[in-house]
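In case you want the letters, here they are:
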Amino acid sequence: MLRDLAKGLPGERVFLLGNEAIARGAMEGGVQIAAAYPGTPSTEILETLAQASKHLGLYVEWSTNEKVALEVALGASICGLRAMASMKHVGVNVAHDSLMTAGYMGVKGGLVVVSADDVRAWSSQNEQDNRFTAKQAYLPVLEPSNVQEAKDWTADAFELSEKFNQVFMLRTVTRINHARGDVTLGKLPKKHRKGVFRKDPSWLTHVPTTARKNRPLMIQRFKKISQAVNRLPYNSLELVDEAKLGVIACGLSYAYTLEATKWLGLDGKVSLLKVGTTHPIPEDLVKRLLSSVEEVLVVEELEPFVELHVKAIAGEENIKIKVHGKDLIPLIGELSTRKVTEALAELTKAKLPIDFSRLDQLRKETAPLIPSRPPALCPGCPHRASFYAIKTAAKSVAKNYGVEPIYPGDIGCYSLAVAPPLETVDTLISMGASIGVANGLAHVVRAPILACIGDSTFFHAGIPPLINAVYNHAKITVIVLDNLTTAMTGFQPHPGSGFTATGVKTTQLKAENVAKGCGVRFVEVADPFDSRGAIDIVQRALMFEGPSLVVFRRKCTLMELQEKRKRGEKVVPYIVDAEKCKQCGVCIKTFACPAIIKKDKNYAIDDLLCTGCGFCAEICPYEAIHLRGKEHGERI
Amino acid sequence: MVREFNIVIAGVGGQGTILMTEILGKAATIEGLKVRGSEILGMAVRGGPVSSTIRVGSEIHGPLVPEGKGDVLVGLEPTEALRNITYLSKNGIAVINTRPIIPYTVPLGLTKYPHIKNVLETLKRKSRSVIAFDATKLAKEAGTPVVVNMVMLGALSGTGKLPIKNETLKKVMKAHFSKEMARINIKAFDLGFEVSRNLAKRN
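Chains A and B, in that order, give the protein sequences. The letter at position 511 of the first sequence is residue 511 when you use the numbering used here, and the numbering goes up by one with no holes. The letter at position 25 of the second sequence is residue 1025 when you use the numbering used here, and the numbering goes up by one with no holes.
Hints listed in this document are in silico derivations from the structure and should not be mistaken for laboratory results. Beta carbons are placed, not taken as given, at the ideal position from N, Cα and C, and that holds for glycine. It is possible that part of the hints are untrue.
DSS-like, lysine-lysine: derived pairs with alpha carbons at most 25 Å apart [stated by the list, open to error]:
#1 320/A to 287/A
#2 566/A to 1140/B
#3 570/A to 1187/B
#4 135/A to 244/A
#5 505/A to 566/A
#6 1140/B to 599/A
#7 599/A to 1112/B
Selected chain B positions facing chain A (Cβ under 8 Å, derived; list incomplete) [as the list claims (entries may be wrong)]:
#8 1025
#9 1035
#10 1048
#11 1082
#12 1085
#13 1106
#14 1110
#15 1124
#16 1126
#17 1129
#18 1145
What follows is a set of in silico ranges between Cβ atoms, one per label pair, in the way DEER data are often shown [said to hold, decoys possible]:
#19 401/A to 1137/B: 26 to 36 Å
#20 1182/B to 265/A: 38 to 48 Å
#21 628/A to 1179/B: 28 to 38 Å
#22 1163/B to 265/A: 21 to 31 Å
#23 583/A to 1182/B: 37 to 47 Å
#24 1090/B to 223/A: 50 to 60 Å
#25 1194/B to 525/A: 52 to 62 Å
#26 443/A to 1115/B: 45 to 55 Å
#27 1003/B to 202/A: 35 to 45 Å
#28 189/A to 1201/B: 49 to 59 Å
Whenever a hint applies, use it, and build me the whole structure from the sequences.
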């Protein structure tokens, strides 16, 4: 449960999630407008701001996508207000178009973009080091090493953005966003600015002449920033007399480096440069370090970004020194104290504090005893029922084609249908790509093509490829899995939910109306829990001569249960009638709801997990599943 | 002041691992300790493995417990404890709920769940000290199986190693839950504490 951080008093010590700290930092830094699209690990930043919005008089919104979020923030900045757009690393790709020109423009009100880079792709389709994006757009980057810094530096970033007239990027990694720590709060500003729009096409209207005028200005501003970072408190150099080794530790890596040097007994024996501004790096401090040691190790997460710059400085300054980095610090996976310890031990020949190979051996030995535990759609999830119907319908129609149906998939809870027994996610690339890829497939192969996309993802990036299908005659069937929320990231509302980030009622857009407006001629709505009806609709959609769209609509079960609890309603679970059950296994083999369990040969339903949706009763060929307390399978 | 105390909590999505982390962190903050922690959300909450860390002490910096440095490994599920066993230090204690949670892939025939005896024996062989009991049963005794996380929080404290006072933990619990839920959760905590303290004495 996120707390209302607007109520925290200056000097108060509180235990915060990294994202809560960033949100509080934004409040302390005088943010007045914040926009975002949910995405792990960035989501709680905007959620926390939304909670504080009323108290502090902020405008906070969930935008339809990250590009829009950035543009909302940009609009506010142009009018002189401090603004923030927060997003996960791949969200920055969506915002990239506007971000590049924003770099040319600079700011009026401080503008901060948070890029939450999901290292190890805990909840993402790839890994990305967005410091490269920042470099391309000439944006300075602040990279905090702990939760307190995440708060403090976010607050500072607004001031710096205005001082240097440039958009600032706060780059975090999962282990900052989803780290927790004790944080001392700062002051909240008392004054609010009033935004004013002043026409200035030579600044704001990026026709080619403006672009050509703004580019040298942007480069000049960046030069000033490059000078200033040497004196900013986010970087610090500790030179140790006669140290042979220097370590350059960037962002969170600084925390791992401090622990590793201590563990190895090297603290006070190596020179250490902490880099909090990883773009541009503090060149003067780097030069001082390079000239004082024999070898340098750059410790950073993901790509060798700072390492490349350090090597360039060494070359430029003709300093003969070996610069280590990704030769010793793995490119793959998250960093850890162990990885930094091993790299430092290799360089210094120091004895390892513990025998890590013993731990690796232990992992190997115990591995056969550890079952794989892939995440699954929740018990009672309407998506599971939807996919059951989609698959059944697609298979029957596919017989006419003599090939298997193809299911281009998308990003959300329903991505989990990739696993057996559903196996209905054949591709997963980026937000909206299910429909885009389906367009391409339709012009290449003759098969039933079913692009499956969630409601929030549909509004985010699904509409242009849908229009493309209509325009270019792509015979595809688009399935919108509408559970009325952005479920995967924790139930954030979207344009189809009917209310905003701050709970204000609003127009509830419906995917079917959008599709009709886009020129799709076959549009129907199905109920996931009415399998017969849903199968019929999908069959007809697949047989339609042009692009077709079917909305599967049912509220997310977790939300439904929460509302039931609030209303004081009890969930009545289903049970398996042992006498009627023939142990055919259809329920598990085709549906695999986690609430259906098998004890030896007997099937049963876990009454703690069962949500009472009754779908398993519908598909049981022997009518062996029924509501507890009822003789016959009668659904509620 | 404690210099470094590392806790790794391992469980399955939905068991309340994160809430346990939050209560520990808040209590440690109240006691004036430096606290760091981390957790994995997202895909993992849908029934997948969930692990979180809580670290307290003057010499900690990073959010993650370094491998081989864990003082206590709390396993809300036995195989999830085993998945994280390399985090435990040589002298570390494993506090384990012996009640298995079978992944949905087992009835599908895609994976096997090991014999529970085998898991516990391996845990015992590979760590210096193991406190293992059926925490789910105690949670039911307290009122509902969902409070298994608080049974395990009590058990963590029952080891006698946790540098945070029970009364501070309970204070945080009271602030977090409604009155009735606080009563059930504290009862669960006390049950876990007693069992663990008795087992720890025997070790």
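Verification of the supplied hints:
1. 320/A to 287/A: holds, 12 Å
2. 566/A to 1140/B: holds, 22 Å
3. 570/A to 1187/B: This hinted pair holds, its Cα atoms lying about 24 Å apart.
4. 135/A to 244/A: violated, 31 Å
5. 505/A to 566/A: Since the Cα atoms of residue 505/A and residue 566/A sit roughly 20 Å apart, the hinted pair holds (cutoff 25 Å).
6. 1140/B to 599/A: holds, 21 Å
7. 599/A to 1112/B: Distance ~13 Å between residue 599/A and residue 1112/B Cα, so the pair holds.
8. 1025: Holds. Min distance 4 Å.
9. 1035: holds, 5 Å
10. 1048: OK, holds: residue 1048/B within 8 Å of chain A, min 4 Å.
11. 1082: With a minimum Cβ separation of about 5 Å from chain A (threshold 8 Å), the hint on residue 1082/B holds.
12. 1085: Check passed: Cβ of residue 1085/B comes within 6 Å of chain A, closer than 8 Å.
13. 1106: holds, 7 Å
14. 1110: holds, 6 Å
15. 1124: violated, 12 Å
16. 1126: holds, 6 Å
17. 1129: The hint is violated - residue 1129/B has no Cβ within 8 Å of chain A, the shortest such distance being about 16 Å.
18. 1145: holds, 6 Å
19. 401/A to 1137/B: 26 to 36 Å: violated, 55 Å
20. 1182/B to 265/A: 38 to 48 Å: holds, 46 Å
21. 628/A to 1179/B: 28 to 38 Å: The hint (28 to 38 Å, Cβ to Cβ) holds, given that residue 628/A and residue 1179/B are roughly 30 Å apart.
22. 1163/B to 265/A: 21 to 31 Å: Check passed, 25 Å falls within 21 to 31 Å.
23. 583/A to 1182/B: 37 to 47 Å: Holds, since residue 583/A and residue 1182/B (Cβ atoms, about 44 Å apart) stay within the stated range.
24. 1090/B to 223/A: 50 to 60 Å: At 54 Å between Cβs, range holds.
25. 1194/B to 525/A: 52 to 62 Å: Check passed, 55 Å falls within 52 to 62 Å.
26. 443/A to 1115/B: 45 to 55 Å: Holds - the Cβ-Cβ distance for residue 443/A and residue 1115/B, about 54 Å, lies within 45 to 55 Å.
27. 1003/B to 202/A: 35 to 45 Å: violated, 60 Å
28. 189/A to 1201/B: 49 to 59 Å: holds, 55 Å
Of the numbered hints listed earlier, those contradicted by the structure are 4, 15, 17, 19, 27.
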